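Trainee: One line per chain: the protein sequences are A and B, in this order. At position 178 of the first sequence the residue is numbered 178 (UniProt numbering), and the sequence of numbers has no breaks. At position 521 of the second sequence the residue is numbered 521 (UniProt numbering), and the sequence of numbers has no breaks.
FYI, nobody ran anything at the bench for these hints, they're computed from the structure. Just so you know, not all the hints are guaranteed correct.
Copies of one chain are not kept apart here, so a pair can be met inside one copy or by any two copies together.
Straight line, CA to CA, 27 Å or less: simulated BS3-like cross-link-like pairs of lysine-lysine [unchecked claim]: (1) K655 / K249; (2) K150 / K117; (3) K655 / K98; (4) K249 / K319.
Just so you know, these numbers come straight off a predicted model, no measurement behind them.
2 protein chains.
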Amino acid sequence: MDIAALRDAHPDHWNKATAIRTLAMDAVQAANSGHPGMPMGMADVATVLFERHLKFDAAAPDWADRDRFILSAGHGSMLIYALLYLTGYEDMTLEQIKNFRQWGAITAGHPEYGHVKGVETTTGPLGQGISNAVGFAMAEEKLRAEFGPKVVDHYTYVIAGDGCLMEGISHEAIGLAGHQKLGRLIVLWDNNDITIDGRVSLSDSTDQRARFAAAGWKVLSCDGHNPEDIDRALTAAKGSDRPVLIDCKTIIGFGSPKKADTSGAHGSPLGDAEIAVTKDIYGWPYGPFEIPDEVLKAWRAIGARGATARAEWEQAFGKLSGTKQAEFTRRMSGQPPKKLEAAIRALKKQISENAPCVATRKSSEMVLEVVNEVMPETIGGSADLTGSNNTKTNGLGVFSPEDRTGRYVYYGIREHGMAAAMNGMALHGGVKPYGGTFLCFTDYARGSMRLSALMGVPVTYVMTHDSIGLGEDGPTHQPVEHLAMLRATPNTHVFRPCDTVETAEAWELALTSPGTPSVLALTRQNLPTYRVEHKVKNLTAQGAYVLAEAEGKRQALLMATGSEVEIAMDARALLQAEGIGTRVVSLPCWELFEEQPEAYRRKVLPAGPVRVAIEAGIRFGWDRWLFGERGRREKSGFVGMHGFGASAPAPELYKQFGITAEAVAEKVKSLL
Amino acid sequence: MDIAALRDAHPDHWNKATAIRTLAMDAVQAANSGHPGMPMGMADVATVLFERHLKFDAAAPDWADRDRFILSAGHGSMLIYALLYLTGYEDMTLEQIKNFRQWGAITAGHPEYGHVKGVETTTGPLGQGISNAVGFAMAEEKLRAEFGPKVVDHYTYVIAGDGCLMEGISHEAIGLAGHQKLGRLIVLWDNNDITIDGRVSLSDSTDQRARFAAAGWKVLSCDGHNPEDIDRALTAAKGSDRPVLIDCKTIIGFGSPKKADTSGAHGSPLGDAEIAVTKDIYGWPYGPFEIPDEVLKAWRAIGARGATARAEWEQAFGKLSGTKQAEFTRRMSGQPPKKLEAAIRALKKQISENAPCVATRKSSEMVLEVVNEVMPETIGGSADLTGSNNTKTNGLGVFSPEDRTGRYVYYGIREHGMAAAMNGMALHGGVKPYGGTFLCFTDYARGSMRLSALMGVPVTYVMTHDSIGLGEDGPTHQPVEHLAMLRATPNTHVFRPCDTVETAEAWELALTSPGTPSVLALTRQNLPTYRVEHKVKNLTAQGAYVLAEAEGKRQALLMATGSEVEIAMDARALLQAEGIGTRVVSLPCWELFEEQPEAYRRKVLPAGPVRVAIEAGIRFGWDRWLFGERGRREKSGFVGMHGFGASAPAPELYKQFGITAEAVAEKVKSLL
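So that you can see chain A by itself, here it is in the shape it has in the complex:
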């Protein structure tokens, strides 16, 4: 590649792109850690995108109608940090760039959502960004259909590398995007032919262009170092009726004599000497972190050029009716509607009166019927288990290329892609996603579920068939360790409600959570209603509470969640019949119980009585409640699973695995 010729042909572009390249080189060098090669390779593409196409205003990073820019290849974080600094995002100072990857800096090793405006989602785990982007684009389509193209009219641009495209999640994402014909989604593939282990040809021979075409995408390509060619491709990408892949042929570590086009440019500093030589080749006689004034000025002008469009948008927005403006503002803020609280309360009252005996997956549907009525922002879905997850309520409509007002997504058999899309929708704002699969298949969605937690995105996972109660499908479909796994995940609320009232309360907490994702673990099998006395207060918000007090002297305390609360209540009846006073504590959300004042926790779990925990999962984690809060090791026990399940009707499984009221009563008596 003749760099001098490129520089001479497009000197202004060259300087802008080189500012990115050198900031990346310098920051990685200063940190002695990081990934310079990708920003060096994609600087030209990013420069053209930001200079000529991306709709944004650095002074108003929260502008609802901005184009979204997602760096799916998150290891190239210095690319986005350089762009944010150069275009003038307030928080992204040169000091932050100099403190790349240091404690307390907003310039983390990978772009972290919430650290700095302009980073729309946390990326780094490969394939997540491109899959979030599908959700961003879906949210845009839905809001455009609702609020009109004068107020919602933007693109989602993604930079993705070979790693993103090799990850399985990308298959789910591009399939979903292609099917949904998300024409506002434009993916720029950093086709540099290099992975960490070496050339892509070491491990992959996929024809990516043909693959995307097979998934219904429009496919374009460009020379990723030629600004005019990049511009041509980006121009051609817009106005498409399908999502667009632009194959950008690039050279990793562009310009570095020793590292360019090798995996050596990927994840290590270039070294001072190589940086010096490379800057010479660039024709860039500046020291570390030094950007000449005129280059910075040119970049800042790019950062400001969106002000006009934004002003026009403000005008258009001002022309909406007051109600519509308020609704749009509320929706983008993530605030639930005021009506929600009263609606849930009324439902709880009605449930307590009717006391239905239904599976909590059905309870969840009953709640959703009410919720979806008062919350137009919900967008539900399932990874091809609609009838099992009970996620589709009446009148939601189906989100499709033909109907963007539809509020139900047939995600297909794409658990990971669904979770990532939900993250993207929630991050975009204006919509409130929930989605379902079997609890066991959280295994498939883990990568994105962890990011919900890390980013603090309050999406709701509707995970049904939450134990051996699933029955005949057998151990591949029966979660036993999954409650423990989810409870182990920081910033995740795991709700396992015992009846329809608790389910309503869990949904209320999920829908009003500002920054914590929720998992609802729901049964396949029917459960009685225990909360027959209506309480305005959301008892599930305390995480645990006394569901049934001991009669007579309190000798035993049974703790349970979900479907095993029924077993605890039945065991209590057996024990009380023998004169053994037994309290039953329902523990629908450990995390919220942990957050209660110690005094409350001790009140619910007092010292003294024998304690037995009952859950149709493994014991792992339960010692916290058995031994903690003044529990006594020698006076406590667990009734639950000790390994994987089996295939048989659910009642038989409970019996065979010894999770019965009789077994609980026996366990208590053996400890008295």
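Keeping the supplied structure of chain A fixed, place chain B upon it in accordance with the hints.
Mentor: Just chain B now, with coordinates in the frame of chain A:
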């Protein structure tokens, strides 16, 4: 579809296929649960495959050179159960078929490996079977290269549905298979256009044929109900230099007037009335589970037809040298070579003498250098982190279409595909797979890792960068909950060695484990050698042991794993300097410690001293060792993580998160 015409055109075939169909209908009806539609739709394809192509001998299901048949669409389990019964697999009696999905029966809801010969792998979680199959085909290629085509010469056939093809893991699998040009892999796609939610067109528009072609596959198609057309396609598929997809156009619930071609045929019994009508249409005047003698006889002949080929194989095998025969037999049995024990012992001695200060990922490489020398069956790899996982030792060679003797696989950025392929290789037998990625990205591989545990497949996961010790890459790459998640998984050994000696011991246990997968959690950062006194005994096999005894009165007991053992030892020095006698317990494998006699556990963790656990992960699960084994709640503490990590150099992170020797010493003193 004119069923009468089909029946009349191929009456013998029709009867055989209908035997499958009706057994599936009857068994699902009897169980009142299951999936009749898929076996009904794929019965013709399966009949032609078993009758004319599959190399097998029902009387010798362990024959090493049999073709492997994998039902990736595991919900169609009655298809394989019917085939095994009809062809005469000894354990698959009609009684078992009648007890489909009942407690104690081998006919589980989804095919479970180990329940019955002929089920080569556990399927049900979609996409796993097709991805295991890639490993089966790789193992076949490798063994053929080693032992010659007279002894190893078989195909891997897969039946996969739309669900398998939509799952992300399938992308990783077909990319790997295409790149590796696995010509012995033939996938029969049950293209019935139906998923649980309805028509495939509800959620997907992918051109699967184009997609597979883009991944380097040969693509064929056939009418999945025409035996001659199926035969033609299968014949054309063999001898390919690339993996082959056969697009079998089928009708789900074939023949059922009300359910065929609808999702209603997928996951529910047809109902007695519909079964009666359907049998009428089939021209099948037989009761439930009734197979006419001549049809059963014809099927049994198919089950026996492989006897000749097997006899020939036995002859060919007999012509190998005695050494080669013994080696092949050992390899297929999964027995490690006798030399392994001595080699590990010698290495341990040498390490104890040299006392290296290296990262345990480097320790692992040192062990692998020795292991790979004495175990020709190992086949290593990494999901594009070779230089970070230290999984490639000298002279392994690279497994590729050009060199099938290579023992290292560049898996690409395919964690899930790698794990599934390793399961497949281990199930095939003859090879011993291990593979690496960062511990955090177990999230991406969970689906297959759970199946390693459920099936009892002793693969080894080399998971490096096992904590915030990873440093600057930040929280997306730093596991905090993953040790808990893996420990929560039944039948999984999680090793977190503290030095090179423990790493060698962990590897020895992993390589000799008969039926439990192992996860090695290894550091990025250097650690000193603590095991400087050589012991022949594998101390890690006990799960935990006293690494350093208290001097003077034992007042404190520190428990730690991996890199935090160093912190425990440093804290011990601080405490001993203040006259506080402190024991340090290294706990490299909880599961093995749990299996020890209580007396041993109590000896290692005696009542009395203050207990502090130290681990750079969350506390979840630690209460087992803090409170249990006569620990006292009020005299115990934990030093570790309380949420997600951050991006900064590792030493800074340990300091900022308070995981230091000083913090441990303070915690101990506050509890005394």
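Trainee: Hint by hint, say whether it matches the structure.
Mentor: For each hint, the structure was consulted:
1. Neither within a single protomer nor between protomers do K655 and K249 lie at most 27 Å apart by alpha-carbon distance, with minima of 62 Å and 43 Å respectively.
2. Proximity of K150 to K117 under the C-alpha cut-off of 27 Å is restricted to the intra-copy arrangement: shortest distance 24 Å within a copy versus 64 Å between copies.
3. In this assembly of identical chains, the alpha carbons of K655 and K98 lie at most 27 Å apart only when taken from different copies (22 Å versus 63 Å within one copy).
4. For the identical chains of this complex, K249 and K319 are neighbours neither inside a copy (44 Å) nor across copies (54 Å), given an alpha-carbon limit of 27 Å.
When the structure is compared with the earlier hints, violations turn up for hints 1, 4 and for no others.
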